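Novice: Chains as they are written, first to last, in the numbering used here: chain B, 31 to 350; chain S, 758 to 1062.
Simulated from the structure, these hints should not be mistaken for lab results. None of these values were measured; they are calculated from a predicted model. Backbone N, C-alpha and C define an ideal beta-carbon position, used for all residues, glycine too. Where hints are given, some of them may not hold.
[As the list claims (entries may be wrong)] Here are the computed distance ranges between Cβ atoms for each label pair:
(1) B:Leu126 - S:Glu1046: 27 to 35 Å
(2) B:Ser195 - S:Thr995: 17 to 25 Å
(3) S:Asp828 - B:Trp74: 47 to 55 Å
(4) S:Pro859 - B:Arg154: 34 to 42 Å
(5) S:Ala992 - B:Leu58: 22 to 30 Å
(6) S:Asn827 - B:Ala338: 39 to 47 Å
(7) B:Glu69 - S:Ala992: 14 to 22 Å
(8) B:Trp74 - S:Asp1014: 51 to 59 Å
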Amino acid sequence: MAMEQALLRRTINWRGFLRRYGIVFSFLFLCLALSLLSERFLTWTNVLNILRQSSINGIVAVGMTMVILTRGIDLSVGAVLALSSVVTADLLQGGLPVPLAMLVGLALGAALGSSSGLLVSRLRIPPFIATLGLMTVSRGLALTYTQGMPITALPASFNFLGAGSLGPIPMPIVLAAVIFLAGHFLLTRTNLGQYIYALGDNPVAARLSGISTRTVTFFVYALTGFLAALAGMILAGRLDSAQPTAGYGYEFDAIAAVVVGGTSLAGGEGNLFGTLVGALLIGVLNNGLNLLNVPSLWEQVVKGVVIALALLLYRAGKSR
Amino acid sequence: MKRIVVLVVSLILVGVLITSCAPATPTAKTFTMGLVLSTLNNPFFVTLRDGAQAEATKEGVTLIVMDSQNDSAKEASNIEDLISRKVDAILVNPTDSDAVVPSITKANTANIPVFTIDRGANGGTIVSHIASDNVAGGKMAGEFLGNILGKKGNVVELEGIAGTSAARDRGKGFNDVMSASFPDIKIVAKQTADFDRAKGLSVFENILTAQPDINGVFAHNDEMILGAIQAAEAAGRTGIIFVGFDAVDDALKAVKDGKLAATVMQQPDQMGILGVQTAVKSLNGQTVEKSIPVALKVINKDNVP
């Protein structure tokens, strides 16, 4: 009897373990497969490549995780990234000091995010529609502002954000790590974090228990806009060029990272650790497809199938 | 008697009709044409207009140039305007391949022949489409790269968005010339970077890791090649020959700085010239090809503008 109970407890633990870390296994399995297929995969340079390439999507996905936790969605991140980076680059070329130009760019990102925050929290416009509108307007403004031309040749101290490194670690990775840690702290150790989960779990209960749901909603969109602007600066620094067409489709990469990472689109459930693994999984996948020289016409098929399989393994752990 | 008169008069009438319908002698006829451009707020289209204007003057054609300011509604009223002025032909560079279709149909109903330049139309009856020959451009890029590498080495191809005509044609031209003229050059990697600079950077970072020995890169557009150059610089890999496509401003600057070996340039003035020439030929009753390819030009450090 005691043994049976022990056995039962063990299976339950195993189930819980798989439920929490299933996506990690999918991720490790993919890495193992790729390291067998290409001897270049597990080299220091390549690991840095993957981390650096995942960092921009990762930073955007931190904001996206919080929005999705409140049952929302933000489709405007790619366009906000583009608009704030071209404005920053233009100010830099106009001779504004780097910290000031960056401050303006980040404030612009936060302001754009705030506008969808207001639309969602005050005017009760569905997030999908509000952020779709902001996406179109921001993209249009970025194209009009630059007349469709990229802004190239930026100050070296600005490019340091994207192209520099802190010791052996490239700056984008350092910044992404800081953002993930700060976001994790916010979600797990602060009242605001608790409110975000409570709001997504049950908005009515959250409001009745005295949480200012409007403020929380406003905050998550503003933060997402801010992070998109930061990601845009890293990207511009990496390219030495700000592009009005930058960030096309980044919203889907970010949403994919969040959802693959186990955050529920129904809100209230998920964490940034999952998002980190989700972003890395997408990064590894893109990297692996290039290393193995998969024909471009097949790339999307392979990508879709691998993501579906990764989720399947995770769901299997969840429902069994 | 009455019958004979009727017969004679009818014969005369028929004769007049036949002669008036017969191809007009070139000396007797001067044409008026409309050229509707998507925008004149872009050097590319200004050059196109200048080419068309010069050719029109040469051929004695009256050319009415109209600017749609990238607005399909403005374009529609421009074309309506030309129809009511009863021009002999309309040359249109559409703002949008779909939005232009109703206007073309209107011109078709008014029996005014329509020619499209640079961007095509997805409907209506078009006599000819005049546009850059991307296959030839891909070939020129391949020839340039192959010769500069001394006909040997390892080459990477960065492809455009899969399924677009530009990616397909430029890739076809490049691969055709590589397999035909440069058997000792190996294409070691062939990956899409979606015509995007950021993707060009990250995809080429990955390829640099996978391929320790790369001598040359061809990208289906300049954005991707500029990203690849950034990746090679960051990784400290030197001695790679980069060739792009489109001759955008950043690329021309990179050619001047010696970072980019060459880029393939479209020739908008030729588009304008060929547009007017084709329309004149067609109005004079000659048959013209459905698709008129415009030659491209390789820009390197010797001829960079």
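Novice: Hints first: check each against the structure and report whether it holds.
Specialist: Hints, one by one, checked against the model:
1. B:Leu126 - S:Glu1046: 27 to 35 Å: Violated, since Leu126 of chain B and Glu1046 of chain S (Cβ atoms, about 54 Å apart) do not stay within the stated range.
2. B:Ser195 - S:Thr995: 17 to 25 Å: holds (19 Å)
3. S:Asp828 - B:Trp74: 47 to 55 Å: holds (53 Å)
4. S:Pro859 - B:Arg154: 34 to 42 Å: holds (39 Å)
5. S:Ala992 - B:Leu58: 22 to 30 Å: At roughly 27 Å between Cβ atoms, Leu58 of chain B and Ala992 of chain S fall inside 22 to 30 Å, so the hint holds.
6. S:Asn827 - B:Ala338: 39 to 47 Å: Hint holds: Cβ distance 41 Å, inside 39 to 47 Å.
7. B:Glu69 - S:Ala992: 14 to 22 Å: holds (18 Å)
8. B:Trp74 - S:Asp1014: 51 to 59 Å: violated (31 Å)
Checked against the numbered hints above, the structure violates hints 1, 8; every other hint is satisfied.
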